[in-house]
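Enquirer: Sequence:
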Amino acid sequence: MRTPHVDDVVRLTKDIPELFLSRGEIGVVCSTWFSPVSALDVEFSRVGTDRQTRALVSLEQVELEEPQDAEIPGV
75 MRTPHVDDVV RLTKDIPELF LSRGEIGVVC STWFSPVSAL DVEFSRVGTD
125 RQTRALVSLE QVELEEPQDA EIPGV
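For our numbering, count along the sequence shown from 1 and bump the result up by 74.
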């Protein structure tokens, strides 16, 4: 599987309780980081609300959603 890029849709594979994010939530990659380690800045939208949560996540915490399967909440 390829590495996610900016504007790709990703699915969270692990809970991030301190940000109230749960495994399975969908987000959009806003930027990528490569130093000192690879990471993604991802914006998660909450269903039923206009609130977003941005999180810096490792590549191991997300999986790339294929375009035909991806559904962005609130869009």
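Be aware that one or more of the hints could be misleading.
Claimed, not checked - With beta-carbon atoms standing in for the labels, derived distance ranges: (1) 96 x 133: 27 to 35 angstroms; (2) 124 x 76: 19 to 27 angstroms; (3) 105 x 85: 25 to 33 angstroms; (4) 75 x 122: 13 to 21 angstroms; (5) 123 x 76: 25 to 33 angstroms; (6) 137 x 105: 26 to 34 angstroms; (7) 140 x 104: 18 to 26 angstroms; (8) 75 x 123: 12 to 20 angstroms; (9) 110 x 140: 12 to 20 angstroms; (10) 77 x 123: 26 to 34 angstroms.
Calculated directly from the structure, the hints in this document are not laboratory data.
Predicted model, so just to flag it, every value in this text is computed and none were measured.
All C-beta atoms in this analysis are idealised placements derived from N, C-alpha and C, irrespective of residue type, glycine included.
Enquirer: All hints, please: hold or fail.
Expert: Against the structure, the hints come out as follows:
1. 96 x 133: 27 to 35 angstroms: For residue 96 and residue 133 the Cβ distance comes to about 19 angstroms; the hint is violated.
2. 124 x 76: 19 to 27 angstroms: 31 angstroms, violated
3. 105 x 85: 25 to 33 angstroms: Given range 25 to 33 angstroms: violated, Cβ gap about 18 angstroms.
4. 75 x 122: 13 to 21 angstroms: 30 angstroms, violated
5. 123 x 76: 25 to 33 angstroms: 31 angstroms, holds
6. 137 x 105: 26 to 34 angstroms: 18 angstroms, violated
7. 140 x 104: 18 to 26 angstroms: 20 angstroms, holds
8. 75 x 123: 12 to 20 angstroms: 30 angstroms, violated
9. 110 x 140: 12 to 20 angstroms: 30 angstroms, violated
10. 77 x 123: 26 to 34 angstroms: 30 angstroms, holds
Checked against the numbered hints above, the structure violates hints 1, 2, 3, 4, 6, 8 and 9; every other hint is satisfied.
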